[in-house]
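J.: Residues per chain are reported as follows:
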Amino acid sequence: MNAKLAIETRSLVKNYGAVQALRGLDLQVREGEIYGFLGPNGAGKTTTIRCLLDSIRPNAGEIRVLGIDPQSDPVAVRARVGYLPGELALEGNMKAIDMLQLLNRIRGGQAERTLIHELAERLDLDLNVKIKNLSKGNKQKIGVIQAFMHRPELLLLDEPTSGLDPMMQREVHQFLRDMRDAGATIFFSSHVLSEVEVIADRVGIIRTGELVEVAEPSTLVQRSLLRVEVRFQQPVEAKRLEQVEGVRTLVQDDGTVIRLEVEGEMDALVKALAEFPVSRIETELPSLEEVFLIYYR
Amino acid sequence: MLAIFRHTMSRSRTGILAWGLILAIYAGAMVTFYDNLLGMSDMFTELISHYPKELVAFVGGAEGITEPEGYLDTYLFSYMAPVLGIYALLAGSGLLVGDEERGLLDLFISHPISRTRLFLGRWIGFCLSILLIVALMWLGITITVGSTQLGLGPIDLLGPFLSLFALLLFFGALALLLSLALPSRNLGAAVTGLVLGGGFMLNVIAAINPDLESINQFSPFAYFQGGKAAAGMEWGWLAGLIGAALLFSLIAWILFQRRDIRVVGEHGWGLPNLLKRWNANRRKAEAT
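So the sequence lines, in the order shown, correspond to chains Z and L.
Throughout the first sequence, residue numbering follows our numbering, covering 1 to 297 in sequence.
Throughout the second sequence, residue numbering follows our numbering, covering 1 to 288 in sequence.
Excised from the complex, chain L in its bound form (with noise of 0.2 Å):
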């Protein structure tokens, strides 16, 4: 398991080093703007009150954008989780399908290694992943953070990374399932996509849509605090998306216990191809 571990650490090595570098440096700066908008704050809020609902919304809300909590919020998380959603869940999806597509994992599979071993060695890598590039994040605002007026701390920033960290985990768990349910790890990622990208919009669009709150229970947004967590965690959001994705990493290791390994080339079931088939309903109709 070690050995898996250790590789999937090593092949997401470019990975976290590029994603959490550029995100921690982008984070360190933009906390040192909030001096500069608590100078304009009554002008910033003026100006906020002119936009429209809908572009506030899309940025989390903007409220108390002058509160370090909402400043963070707006600034960093409202756009961070789902830009770091399609990290996870490409991580998350190519974690085993993606070789096994390749045809490495024909050849993994076929050493002295449990699959539950091998999933476990691929899994603990990539929650590691997520959790350094998170980490590399909190280190970047950690860094600054005394030099601004923002009066948080490294431990009360811990709360929305780990809100962050909890969703990402959500997502790639997610998408490593799809990947081994649906015939491709193409089509996985896809799936977990629509579900990325719906649950952020529906989540905005909540927001100024009361009608839609309950549909929103099912956005896994409406459980993602961000820089709000700052100010209070709520413990059982948190649990709740950790615990989906614990159960979603469950239902994958016993997928892939019972899995045919695929080999290089081939593909696993189809969908229909509606186009396909029509086209050679209307050749042969055309042939008659």
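The following block holds chain Z by itself, in its conformation from the complex (with noise of 0.2 Å):
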């Protein structure tokens, strides 16, 4: 297994049941990246980070977090790790001070009283208050600090800004990107794909328990579908665009405007419309939620 890498996985293997979680998930994570994790609800987001965590453990398979193996060393695993559950749940009547302190007590005391404090300010979240009296987002703020505190080297975050407003969404994307230029890896799961697109360094999809692709996300979407608006100075006939590889006709208005989607280069197309009296072609790429989708179609 590579020392470089923050988390590894070979083959990882997961059922619950005669449900297949996992089916030989193979997943690298380099030391200093965002990485998202990208894939829709029951993909095996979740269950990837909790085998990594020991909170679950693979039927086969092998990980590596930060070059230990969970299984034979859970507890300094967890030293170096902060994670934030999907579904958090907190002690309801505790004050939010009482309960990050409590887990700072079962950290044995890695986090900086300090550096709590600092958190909920940037947070913006009043720790005095009883954790019942919280909303959603404040209580989900309580989980981001916890996950914090103590300056972990791995970050493995299950939907880390769900329930937050734009304003504390941004700020935590700025924390996450504050942690990498600190040397930290981050790696967390998502279905909002414009917080990947904006944060992560590397995408990995996940679709039925298998990695499907990994890259960055501006390479994500370029080698993928294009969408070309082709106007012309008379009407032509679409079909024959359509007859190049790797194009597929949207919509055709009157024969003047064609649009298209193209999936790969944009050569043929290019040779195609040569034949054609083309007076503006236009492009778009689309968003990383399309060339999602295009995985899942």
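In case anyone wonders, no lab produced these hints; they're calculated from the structure.
Check each hint, because a few of them may be wrong.
Stated by the list, open to error - Examples of chain L residues lying across from chain Z (beta carbon under 8 Å, computed):
| id | residue |
| --- | --- |
| 1 | Ile4 |
| 2 | His7 |
| 3 | Arg102 |
| 4 | Pro112 |
Claimed, not checked - Stretch by stretch, here's where chain L covers chain Z in the computed footprint (C-beta under 8 Å, at least three residues):
| id | region |
| --- | --- |
| 5 | 70-79 |
| 6 | 82-96 |
| 7 | 100-113 |
Just so it is clear, the structure is predicted and the values come from calculations on it, not from any experiment.
Idealized CB from N, CA, C, for every residue including glycine.
Mind docking these for me? Both chains are given alone in their own frames, and the hints should help you get the complex.
T.: This is the structure we're talking about:
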């Protein structure tokens, strides 16, 4: 296994009875990167994260987190990791500060008190309010603070901005960048593609327990569908363009404007268009969301 | 481990104080009526002799009710054990699986604490909470017992409370084990409740029906001395109850080590819902 990888899994399999949650997942997260883990509900994102923490045990495969096998030494892994669960549960009768102090005590006092207050201030959270009186978003802020408060080397975040308003989402994104700049690795799952597009250095797409794509968000977008609008000087027969490999007609108006989707290189389309009296060509990159949907068609 | 232990104690605080203080006041007050009963002992013995034997068995036999041990057994320990047993089984079943079902365990276990330490922190907290409730009751009695003719000192009273503690530990540990072995906390608590209620009833009925004596040896209540322990401890019974509780706890620890920690809303393996299946089949048959 590679020492420069913060997370590495090989042929990871996890079954829940007859349901196969992970089917030989091979994952490699480099040290110091922000890795977005994309997939719809039930794809295996949370299962993967929980295997990394040894909360659940895989049926087969190997895992290394910061070079350590979580099954042989889970405490050593967790001491260096910050985790934000997807479904955060807290003690409702405790004040936010008491909950954070409890978690810090379980952590052996790894976190600095000043950092807790500094993070709370940045997130605009009153620590002296009972958790049961806090909104979902404010509870999520406690989750964010407890994951960050001990300056972990690796952050495992399951839907980190869930329930936060756009301002706070931006603040959390900034946290992530700051942590990355300080040398930490961030592995976060999300189904909010715009979020992944904005902050992730690399994106992994998981489908039914298997990693189907890993790339930088921009590469992923560029290598996928390109939307092209062609305006002709006179009506043309679009069917001839559809015969070009990787081209699909979306809309044809009166024959002078055709909207196409191009998968892969543009070369064949440009050559095919040379036969027509073209007045204008406009191209548009799809959003990551559209790219993502390709893998789920 | 200390942090988990402190957390366990902190959240049990209200329960310990509520159960412990109320029962301490009750136990302390109950002892003061002994002198009244002693003054009417002949009349009382005569009265009890006319009660149905099933009713007498239900309150611990009422044998020697005018004796200090019999009085304590009838008026306190005979029904205090099943009452406090409910506290023990709720606390035991909620110790780990309660947190798991609320999603808290997922958060705790992601921190640098081993499962063994987490288990021990919770388990020791549970044992201490039971001990504190029982100790408060003991304190309640020892405060008032000196002013009565009961003739038992604080040391004599330790036996019955030790016996109670062992029984509660037994049910708490059983509930802990069953909550980990069965699909949910509720089911673990319900099955332990059945053992508690069934064991209590069996012990009562076996007192009036000697044919049930052989089955009654499987009831934990058969090894619970209650007030009679003031006259002399059955150390073997005490060791048996505590030994069984430790064995249940050990198996629970092994199950916890191997367990996939669930998250909020995630259920364990399901029991077949026969009613649902029957309804589905019925609807299918109607449709065709």
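J.: Against this structure, judge whether each hint is valid.
T.: Against the structure, the hints:
Interface hint at isoleucine 4 (chain L): satisfied, since its Cβ lies 7 Å from the closest Cβ of chain Z, which is below the 8 Å cut-off. Nearest Cβ of chain Z to the Cβ of histidine 7 (chain L): about 6 Å, under the 8 Å cut. The hint holds. With a least beta-carbon distance of about 5 Å to chain Z, the hint placing arginine 102 (chain L) at the interface is held under the 8 Å criterion. The interface hint given for proline 112 (chain L) holds, since its Cβ lies 4 Å from the closest Cβ of chain Z, which is under the 8 Å cut-off.
Given as covered by chain L, the region 70-79 of chain Z passes the check, having 5 residues with a CB less than 8 Å from a CB of that chain where 3 are the minimum. Three residues within the 8 Å Cβ limit are the bar, and the region 82-96 of chain Z against chain L gives 9, so the coverage statement holds. Counting residues of the region 100-113 of chain Z whose CB lies closer than 8 Å to any CB of chain L gives 7, so the stated coverage by that chain holds, three being the minimum.
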